[in-house]
Amino acid sequence: MVKIAVNGAAGRMGSRILELARETSGVTAAGAFDQSRFPRVSAGALKACDVLIDFSSPEGTAESLAACLEAGRALVVGTTGLDDAMAGRLRAAAAKIPLVQSSNMSIGVNVVLRLLEVAAKQLGNDFKLELTETHHVHKKDAPSGTAKMMAEVIKKQTGQYPPIQSIREGEIVGDHTARFEGAAESVEITHHAKSRDVFAKGAIEAARFLSTARPGRLYSMADVLGL
Numbered sequence: 001m002v003k004i005a006v007n008g009a010a011g012r013m014g015s016r017i018l019e020l021a022r023e024t025s026g027v028t029a030a031g032a033f034d035q036s037r038f039p040r041v042s043a044g045a046l047k048a049c050d051v052l053i054d055f056s057s058p059e060g061t062a063e064s065l066a067a068c069l070e071a072g073r074a075l076v077v078g079t080t081g082l083d084d085a086m087a088g089r090l091r092a093a094a095a096k097i098p099l100v101q102s103s104n105m106s107i108g109v110n111v112v113l114r115l116l117e118v119a120a121k122q123l124g125n126d127f128k129l130e131l132t133e134t135h136h137v138h139k140k141d142a143p144s145g146t147a148k149m150m151a152e153v154i155k156k157q158t159g160q161y162p163p164i165q166s167i168r169e170g171e172i173v174g175d176h177t178a179r180f181e182g183a184a185e186s187v188e189i190t191h192h193a194k195s196r197d198v199f200a201k202g203a204i205e206a207a208r209f210l211s212t213a214r215p216g217r218l219y220s221m222a223d224v225l226g227l
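Counting from 1, one number per residue, gives the positions in the sequence shown under the working numbering.
Label-pair restraints from in silico Cβ distances:
| # | residue 1 | residue 2 | range |
| --- | --- | --- | --- |
| 1 | 10 | 85 | 21 to 29 Å |
| 2 | 183 | 66 | 50 to 58 Å |
| 3 | 28 | 122 | 43 to 51 Å |
Here are the simulated DSS-like pairs of lysine-lysine, each with C-alpha atoms no more than 30 Å apart in a straight line:
| # | residue 1 | residue 2 |
| --- | --- | --- |
| 4 | 201 | 140 |
| 5 | 128 | 155 |
| 6 | 194 | 3 |
Honestly, the hints are just simulated from the structure, not real lab data. Each residue gets a CB set at the ideal place from its N, CA and C atoms; glycine is no exception.
With these hints in hand, go ahead and build the complete structure from the sequences.
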C-alpha cells in the first residue's frame with residue numbers, strides 16, 4: 001500500500017487527487033497540507049506517508065521540497081510557474097530523494113510530446129509552427145507549463161522556439177494545439193483535457209512509480225509511463 005500525502009489539498013487538483021487516492025486500489029490518502037485550510041507541510045507530518053504530491057504554488061513547492069529532504073520522503077511535483085532557481089533545486093534534490101517533476105501528468109499529453117518530437121523533426125524546417133494553449137480564467141501562469149514543454153520539444157528539433165498564444169476564458173480545463181502550416185498542407189496535434197482526473201490519475205501513477213524508485217536523477221512522466 002502506497003501512502004500518499006498532498007500539499008495544495010485545498011485546491012482543485014489537490015482535493016481531486018485525495019478523492020481518487022481513496023478510490024484507487026493499492027493507494028491510500030495519508031495526509032493533507034495547504035497554506036490555508038490545512039496544516040502546512042512539515043518533515044514531522046510526513047512520517048505517516050511514503051510520497052508527497054505537490055500541487056500548490058512556487059512557495060508551497062519550496063516547503064514541500066524542504067520537508068521531503070528532511071524526512072527522506074519521495075516527492076511528485078506538478079506545480080507550474082516554477083522559476084529556474086527552483087528547477088535547479090529540484091534537480092539537485094533528485095540525487096537524494098526519488099523525485100518526479102512534470103508540468104503535465106496526463107498520459108495523453110506525454111504521448112503528444114512524443115508525436116510532436118517526430119512531427120517537428122520531419123516538418124519543422126519547411127512549415128511555420130505555432131502553439132496555442134487555452135485554460136480557465138483562474139490559471140495564473142502563462143504560457144502554461146505544458147505549452148513550454150511542447151515548445152522545448154520543438155526547439156530541440158528545429159533550433160527555434162515557436163510563438164505561443166495563451167488564452168484564458170471560462171472554465172476550460174486545458175487545450176493545447178501545435179499547428180504546422182505549410183504551403184500545400186497543414187498538420188495539427190491537439191490535446192483536449194475533459195476533466196482534471198487525467199492529471200490526478202497521472203500524479204497517483206507517479207507516486208506509485210516513486211514508491212519503488214531510487215534517487216539519482218530527476219524523473220519525468222516519460223519515465224513513469226515507460227515512453
